[in-house]
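If you read the protein sequences in the order shown, they are chains A and B.
If you read the first sequence in my numbering, its first letter stands for residue 1, the second for the next number, and so on.
If you read the second sequence in my numbering, its first letter stands for residue 517, the second for the next number, and so on.
Simulated from the structure, these hints should not be mistaken for laboratory data.
Given the structure is predicted, the values throughout are model-derived calculations rather than measurements.
Glycine is no exception: its CB is placed at the ideal position from the N, C-alpha and C atoms.
Do not take every clue at face value.
Stated by the list, open to error - In the SDA-like style, the derived pairs of lysine to any residue whose C-alpha atoms are separated by at most 25 angstroms in a straight line are:
{"#": "1", "chain 1": "B", "residue 1": "K675", "chain 2": "A", "residue 2": "Q74"}
{"#": "2", "chain 1": "B", "residue 1": "K733", "chain 2": "B", "residue 2": "A782"}
{"#": "3", "chain 1": "B", "residue 1": "K562", "chain 2": "A", "residue 2": "D54"}
{"#": "4", "chain 1": "B", "residue 1": "K974", "chain 2": "B", "residue 2": "P555"}
{"#": "5", "chain 1": "B", "residue 1": "K868", "chain 2": "B", "residue 2": "K935"}
{"#": "6", "chain 1": "B", "residue 1": "K562", "chain 2": "A", "residue 2": "P39"}
{"#": "7", "chain 1": "A", "residue 1": "K84", "chain 2": "B", "residue 2": "A782"}
{"#": "8", "chain 1": "A", "residue 1": "K159", "chain 2": "A", "residue 2": "K515"}
{"#": "9", "chain 1": "B", "residue 1": "K935", "chain 2": "A", "residue 2": "S33"}
{"#": "10", "chain 1": "A", "residue 1": "K159", "chain 2": "B", "residue 2": "D610"}
{"#": "11", "chain 1": "B", "residue 1": "K885", "chain 2": "A", "residue 2": "G462"}
{"#": "12", "chain 1": "B", "residue 1": "K963", "chain 2": "B", "residue 2": "D991"}
{"#": "13", "chain 1": "A", "residue 1": "K240", "chain 2": "B", "residue 2": "D991"}
{"#": "14", "chain 1": "B", "residue 1": "K885", "chain 2": "A", "residue 2": "S33"}
{"#": "15", "chain 1": "B", "residue 1": "K974", "chain 2": "B", "residue 2": "K675"}
{"#": "16", "chain 1": "B", "residue 1": "K885", "chain 2": "A", "residue 2": "M100"}
{"#": "17", "chain 1": "A", "residue 1": "K42", "chain 2": "B", "residue 2": "P555"}
{"#": "18", "chain 1": "B", "residue 1": "K690", "chain 2": "A", "residue 2": "P70"}
{"#": "19", "chain 1": "A", "residue 1": "K84", "chain 2": "A", "residue 2": "R63"}
{"#": "20", "chain 1": "B", "residue 1": "K562", "chain 2": "A", "residue 2": "K159"}
{"#": "21", "chain 1": "A", "residue 1": "K240", "chain 2": "B", "residue 2": "E724"}
{"#": "22", "chain 1": "B", "residue 1": "K675", "chain 2": "A", "residue 2": "G462"}
{"#": "23", "chain 1": "B", "residue 1": "K988", "chain 2": "A", "residue 2": "D371"}
As the list claims (entries may be wrong) - Beyond 10 angstroms from chain A on every Cβ pair, some chain B residues (computed):
{"#": "24", "residue": "D566"}
{"#": "25", "residue": "D595"}
{"#": "26", "residue": "I640"}
{"#": "27", "residue": "E664"}
{"#": "28", "residue": "K675"}
{"#": "29", "residue": "H722"}
{"#": "30", "residue": "E774"}
{"#": "31", "residue": "D939"}
{"#": "32", "residue": "E1015"}
{"#": "33", "residue": "A1020"}
{"#": "34", "residue": "Q1032"}
2 protein chains.
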Amino acid sequence: MSKGSTNTNMPLPSESKAKAKTLVVDKLDSSVSIDMEAPEFKDFAKSMVDYIADYLENVRDRRVLPEVKPGYLQPLIPDAAPEKPENWQDVMKDIERVIMPGVTHWHSPKFHAYFPTANSYPAIVADMLSGAIACIGFTWIASPACTELEVVMLDWLGKMLDLPAEFLACSGGKGGGVIQGTASESTLVALLGAKAKKIQQVKKEHPEWDEHTIIGKLVGYSSAQAHSSVERAGLLGGVKLRSVPADEHNRLRGDALEQAIKEDLAAGLIPFYAVVTLGTTNSCAFDRLDECGAVANKYNVWVHVDAAYAGSAFICPEYRHHMKGIETADSFNFNPHKWMLVNFDCSAMWLKDPSWVVNAFNVDPLYLKHDMQGSAPDYRHWQIPLGRRFRALKLWFVLRLYGVENLQAHIRRHCGFAKQFGDLCQQDKRFELAAEVSMGLVCFRLKGSNERNEALLKRINGRGNIHMVPAKIRDVYFLRMAVCSRFTRSEDMEYSWKEVSAAADDLEQSEAAEKQ
Amino acid sequence: MSKGSTNTNMPLPSESKAKAKTLVVDKLDSSVSIDMEAPEFKDFAKSMVDYIADYLENVRDRRVLPEVKPGYLQPLIPDAAPEKPENWQDVMKDIERVIMPGVTHWHSPKFHAYFPTANSYPAIVADMLSGAIACIGFTWIASPACTELEVVMLDWLGKMLDLPAEFLACSGGKGGGVIQGTASESTLVALLGAKAKKIQQVKKEHPEWDEHTIIGKLVGYSSAQAHSSVERAGLLGGVKLRSVPADEHNRLRGDALEQAIKEDLAAGLIPFYAVVTLGTTNSCAFDRLDECGAVANKYNVWVHVDAAYAGSAFICPEYRHHMKGIETADSFNFNPHKWMLVNFDCSAMWLKDPSWVVNAFNVDPLYLKHDMQGSAPDYRHWQIPLGRRFRALKLWFVLRLYGVENLQAHIRRHCGFAKQFGDLCQQDKRFELAAEVSMGLVCFRLKGSNERNEALLKRINGRGNIHMVPAKIRDVYFLRMAVCSRFTRSEDMEYSWKEVSAAADDLEQSEAAEKQ
């Protein structure tokens, strides 16, 4: 199709204005509603409530990994939107026909891929309310409740984790929390704050350097085991990030960090940012925050703690030893939307001094100014997007309707299930653990080559009864079994292990057949 | 509080491990569910459905702007999360007690601030389903339906706007659409893609320049009337953005853009990116895309079209003349979550060649690789965050349950209401329009000084019956009346005008009193 040829039927401006006017008058005179009416909405929404409960309570019985091939969906629906409205009953019917065959069921107890994403009834109901209020909380005045509940919920949550008071708004200092969309955004926001801070500092020391010269010298650090989003934050922020080798337990250590910083300083670079991961994606290893934080503080390097998955466990006192050194951090982030039963998106981030982020992002047009500026945070300055939903409602509902005790029990149950699976694995002499069982994650492999394990995983996922993804550390390929579902029971762990074991039997048979 | 003192009660690792084990065993043995049970969820969610319908159908009767002062909420709730779970009935009761007093009612027909944010029953129900499935659609395999419905919905929507086929996935070329969170993110994503493309090109021409030297020379363009998020994208992306003066109708013109580009080229800079705004925030002016696109193409500058608000109107043929020149664009963005009845967040973005964005962001760890890579888009490479909700469901439900005809009627009704308000304004000799009525926006002011108009707005918002925000163009301050609610009727325009008029009476009286 040649450029612009789709637009040939476009009316000329003069014609179109006349047409628009007629249409407008018609519609204004009409008393017919174009919207779904409230009684119909109630029927539709209540029918959806029943569907949701049925879906979730029985998700265990569905094949966890879909069998569809790429492109499956397009032939199942029309190739253009309908001109006339359809019935909601027809839309409901299409969920099983069109959508469900292509859904990977993240909340099945048979789903063990990635890390969990949260799902709970209280959070779903809170999101309904958020959808109804549908305010955009970019400033305090745009919906005071949206900003203020977020401030208080981040204090509640910070207290649950026993974060140092400097991070909390209720301490009366500069610090406070904010809900970001994802941990990736938190990492990027912290990086941009750290970048702004360091540029300002270096400009004072070297007024002869321009900003791009300084940026060209900046260097940040993370463990080689850090999440891919850290590398991506470096790409997006246009600065060098150096990957520092982890120790034999996959942890970033203070001496390795210090050595890297010293080398870079000697090479004329400017260290500005370090990401300390508490609970890595590959193996749920914990960087030594106590060591790395002290080193970073010594060299005036911003410390960002990425505890995206494992941070939820810090609501249990017995796991807080992993946070030792938290007082050295400038920013801390974890995702209640991963392991704390608050539906995506809800990534909690605390900053000791948000002004570096606020000043880096601040653009303040007249239409967003208001009389109360300065008396409450205008969260738009704390994040990448301008718009933001009323997400604090999800935290409020989940914290109240579970209570801290049940959220702790949820964490402890998942850790217990991982231990159970790890024990099953160690009882089978064909297998070995690739790392110590950590939180809700078990890293394991068949003894032998990477190829054997790749073949094993292919068989496991091919059977479609459980779903896992692999990882590789220092060229050793292994399988990751993450406990993900809040519906998981002890029997599910037995089932999942049987699936792994059956796939291994199958692999051994074909290996034997090949040898003959 | 001294550093770290909140952590003094933290158990030592050895103690904590023992404690954890006991707790885990207790919980695993327990058959008591820690989660809200399905029947209770159904009662709670259905009660929320009734609340939502009641809230929205009667939102007109609430004071649109809350009367609370900063800090109102904290004393209304406890200062820490409860240890034990509460009843959902108590949480429901607190909505009116704690939340509603601090809500700015964006969906009231008396809300005229900013631009609309969408809210509809079909979108709310779709979001419920999205919350139940709660998949994270970062790759195709992570939930094929999530990716595939998005591909097809962006094609449906692109066809509704009559976008050139090059932007659509169904054309079989490189192009396609994606749902971003916000227009701010789309502007940033396009900027980063343009930056990556230009850096690669310049590296070939000047292999002796390093990347930071090139970045230091890059310069992008937008109208002085562009949204604040454009300036912010420049800050985030670490590149210069130049603000080009708009013409007397607040439109960016081709000659002004070309002059700026020529000056920068003469100064040794490298033009790489231009944002063309269709429907500015201040006055809903339309940059001349036909002129600017041609100029940008000539100088090999990426054209990003930001039609965040007004883009929804292009589903009506009579407004498409504003898109003339769309074939020159590299990326196009508008927000169905503003004016097309799809709840936030749903910002639709199309790219003619997504590979520039994909390659700029691509980090590909093993745990995210899958066998089907390349046969369907892995949307995580198209956006800033890694995680993403199943947002295409909202588009699907809204398009089917309204139908194109009713969505067009919605746009035309809003445009008609703005016309009506503009006429009322022009019939009052004390007032003047600050710009031509455009789409659902009326820019107006009292004849006379800016100070008079600031005083007028303060009175209007102080009365709390309607809510507006101001803007300023070339030092002329004016009020913006945006038609925002889907519940708006012709009588609401009369009501809002009476409020403005009464505030003006009030102002005139106090002006007269001051003179005496």
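Now for the hints, and whether the structure bears them out:
Straight-line distance between C-alpha atoms of B/K675 and A/Q74 comes to about 15 angstroms, which keeps the hinted pair within the 25 angstroms bound. At roughly 12 angstroms between alpha-carbon atoms, B/K733 and B/A782 fall within 25 angstroms of each other, so this suggested pair holds. Of the supplied pair hints, the one linking B/K562 and A/D54 holds, its CA atoms being roughly 15 angstroms apart against a limit of 25 angstroms. Under the criterion of a C-alpha separation no larger than 25 angstroms, the hint pairing B/K974 with B/P555 is inconsistent with the structure, at around 49 angstroms.
Restraint check: the Cα-Cα separation between B/K868 and B/K935 comes to about 36 angstroms, which exceeds 25 angstroms; the hinted pair is violated. Taken as a hint, the B/K562 and A/P39 pair is honoured in the structure, with Cα atoms around 13 angstroms apart against an allowance of 25 angstroms. Distance check on the hinted pair: A/K84 and B/A782 sit about 55 angstroms apart at the alpha-carbon level, beyond 25 angstroms; violated. Between A/K159 and A/K515 the alpha-carbon distance is near 60 angstroms, which puts this suggested pair outside the 25 angstroms criterion.
Of the supplied pair hints, the one linking B/K935 and A/S33 holds, its CA atoms being roughly 20 angstroms apart against a limit of 25 angstroms. Restraint check for A/K159 and B/D610: the C-alpha separation of about 22 angstroms stays at or below 25 angstroms, so the hint holds. For the proposed pair B/K885 and A/G462, the alpha carbon gap of about 16 angstroms is at most 25 angstroms, so the pair holds. Taken as a hint, the B/K963 and B/D991 pair is honoured in the structure, with Cα atoms around 14 angstroms apart against an allowance of 25 angstroms.
This hinted pair does not check out: A/K240 and B/D991 have alpha carbons roughly 42 angstroms apart, beyond 25 angstroms. A C-alpha spacing of about 48 angstroms is found between B/K885 and A/S33, which places the hinted pair above 25 angstroms, so the restraint is violated. Taking the CA atoms of B/K974 and B/K675, the gap is about 44 angstroms. The hint is violated against a cut of 25 angstroms. Our distance criterion of 25 angstroms between C-alpha atoms is met by B/K885 and A/M100, whose separation comes to about 23 angstroms.
Simply put, A/K42 and B/P555 have alpha-carbon atoms about 18 angstroms apart, close enough for the 25 angstroms limit, and the pair holds. With a C-alpha separation of about 17 angstroms, the suggested pair B/K690 and A/P70 falls inside the 25 angstroms cut-off, and the hint holds. Of the supplied pair hints, the one linking A/K84 and A/R63 is violated, its CA atoms being roughly 36 angstroms apart against a limit of 25 angstroms. This hinted pair does not check out: B/K562 and A/K159 have alpha carbons roughly 33 angstroms apart, beyond 25 angstroms.
Under the criterion of a C-alpha separation no larger than 25 angstroms, the hint pairing A/K240 with B/E724 is consistent with the structure, at around 19 angstroms. For the given pair, B/K675 sits about 37 angstroms from A/G462 by alpha-carbon distance, which is inconsistent with the 25 angstroms threshold. In summary, the hint linking B/K988 to A/D371 is supported, as the alpha carbons are separated by about 17 angstroms, within the 25 angstroms threshold. At roughly 7 angstroms, the least C-beta separation between B/D566 and chain A is not larger than 10 angstroms, which violates its mark as non-interface.
The beta carbon of B/D595 is not kept farther than 10 angstroms from every beta carbon of chain A, the shortest such distance being approximately 7 angstroms. Listed as a non-interface residue, B/I640 fails to keep its Cβ farther than 10 angstroms from every Cβ of chain A; the least gap is roughly 4 angstroms. With 10 angstroms as the threshold on Cβ separation, the claim that B/E664 sits away from chain A is violated: the shortest Cβ distance comes to roughly 4 angstroms. For B/K675, the requirement that its beta carbon stay farther than 10 angstroms from each beta carbon of chain A is not met, with the minimum near 5 angstroms.
The Cβ of B/H722 sits about 15 angstroms from the closest Cβ of chain A, beyond the 10 angstroms cut-off, so the non-interface label holds. Under the 10 angstroms C-beta cut-off, the non-interface status given to B/E774 relative to chain A holds; the minimum distance is some 21 angstroms. In this structure B/D939 is separated from chain A by more than 10 angstroms, as the shortest Cβ-Cβ distance comes to about 12 angstroms. The claim that B/E1015 lies off the interface holds: its Cβ sits roughly 18 angstroms from the closest Cβ of chain A, which is beyond the 10 angstroms cut-off.
For B/A1020, the requirement that its beta carbon stay farther than 10 angstroms from each beta carbon of chain A is met, with the minimum near 20 angstroms. Distance to chain A confirms B/Q1032 as a non-interface residue, since its nearest Cβ pair spans about 29 angstroms, more than 10 angstroms.
Violated hints, listed in ascending order, are 4, 5, 7, 8, 13, 14, 15, 19, 20, 22, 24, 25, 26, 27 and 28; each of the other numbered hints is respected by the structure.
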